[in-house]
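Undergrad: Turn these sequences into a full structure, and let the hints steer you where they fit.
Protein chains in written order, with our numbering: chain A, 12 to 234; chain B, 2 to 58.
Treat the hints with care, as some may be off.
Where chain A lies over chain B, by a calculated footprint (3+ residues, C-beta under 8 Å) [as the list claims (entries may be wrong)]: (1) 15-26; (2) 39-49.
DSS-like, lysine-lysine: derived pairs with alpha carbons at most 27 Å apart [as the list claims (entries may be wrong)]: (3) A:K169 x B:K41; (4) A:K125 x B:K35; (5) B:K23 x B:K7; (6) B:K35 x B:K7; (7) B:K7 x B:K56; (8) A:K125 x A:K169; (9) B:K35 x B:K23; (10) A:K175 x B:K41; (11) A:K125 x B:K7; (12) B:K41 x B:K23; (13) B:K56 x A:K175; (14) B:K35 x A:K175; (15) B:K7 x B:K41; (16) B:K41 x B:K56; (17) A:K125 x A:K175; (18) B:K56 x A:K169; (19) B:K56 x B:K35.
The hints are simulated quantities; they were obtained by calculation from the structure and are not laboratory data. Quick reminder that beta carbons are idealized off the backbone N, C-alpha and C, glycines included.
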Amino acid sequence: MTQAFNLSQFANNVNSSGVAQAAGGGTGTTTSTGSGSVVLGNNPTITNPILAGSTSGNITLAVPSVAGTNTATFPASTGTVMVSGNMPAFSAYQNNGGQSIASGTYTKIIIDTKEFDTASCFNTSTYRFTPLVAGYYQLNWYTDMGAYTSRYTAFLYKNGALYKSGTSNIGNGTNTTGTGGSSIVYANGSTDYFEMYVQGNNAATTGGNSSSTYFNGAMVRSA
Amino acid sequence: MTLHEKIVALYPSLTDADFNIKGTITLQNDSDGKGDYIAKWEHPTLARPTEEQLKLN
Numbered sequence: 012m013t014q015a016f017n018l019s020q021f022a023n024n025v026n027s028s029g030v031a032q033a034a035g036g037g038t039g040t041t042t043s044t045g046s047g048s049v050v051l052g053n054n055p056t057i058t059n060p061i062l063a064g065s066t067s068g069n070i071t072l073a074v075p076s077v078a079g080t081n082t083a084t085f086p087a088s089t090g091t092v093m094v095s096g097n098m099p100a101f102s103a104y105q106n107n108g109g110q111s112i113a114s115g116t117y118t119k120i121i122i123d124t125k126e127f128d129t130a131s132c133f134n135t136s137t138y139r140f141t142p143l144v145a146g147y148y149q150l151n152w153y154t155d156m157g158a159y160t161s162r163y164t165a166f167l168y169k170n171g172a173l174y175k176s177g178t179s180n181i182g183n184g185t186n187t188t189g190t191g192g193s194s195i196v197y198a199n200g201s202t203d204y205f206e207m208y209v210q211g212n213n214a215a216t217t218g219g220n221s222s223s224t225y226f227n228g229a230m231v232r233s234a
Numbered sequence: 002m003t004l005h006e007k008i009v010a011l012y013p014s015l016t017d018a019d020f021n022i023k024g025t026i027t028l029q030n031d032s033d034g035k036g037d038y039i040a041k042w043e044h045p046t047l048a049r050p051t052e053e054q055l056k057l058n
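TA: Rendered as structure tokens:
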């Protein structure tokens, strides 16, 4: 059975509240077993739609053809559609003019200023990133350590324990050296949190500005 | 004098390797105003320093 009509054909079936009535004047379901198309006018408003998939379990949303076919396809798997509103991203840095790091001591880096934090997941008092959406995140961390002749390593901590090591760099005593890292990590969206630490063989002072000591990241896919 | 310096003064045989990622001693500072502390001490022969020993150094 093929159905092809436009919104004007609903005119006789709209009640006093403006709600389109199903066939027969009720509010039930209109069923078609055909394979044709239901054509609505331009920009129709459909309230609380439920789109049932085909027997393959896929629902395909086709946009008007512009320079070819444009199709968004949902795979036959369970998941959450991610949009910018539920994909946290943050960037923060140290803005205290430099932090003293004692020799041989794993020291949490003070990250006290935000550049952006789309979902309010970074705390500038505890220096923690606690994403509230479960998923996988790309995190990046880096700090300058000044011109020292010592080995320094920046680490990512998860839930208070060392989780990922960054590069270990040894300065030449003349030029500023730095250490940082990058990793994709999983967060459960509630209790998991991440912090940045650094440790070196000698005391040092970090570079305390936005380009020298920073911690940033963003969700790359949902759980 | 930092905690690291106190411990090295107490045990001069310790090297940088003892405090690194593969070492048996972890000193930590959580930048919460509470200062440096011993987060892990698993040295096979040297005993964890007491608070009293650390005060004396």
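Undergrad: Run through the hints listed earlier and report the numbers of any the structure violates, in increasing order.
TA: Of the numbered hints given earlier, those the structure breaks are 2, 11, 13 and 18, listed in rising order.
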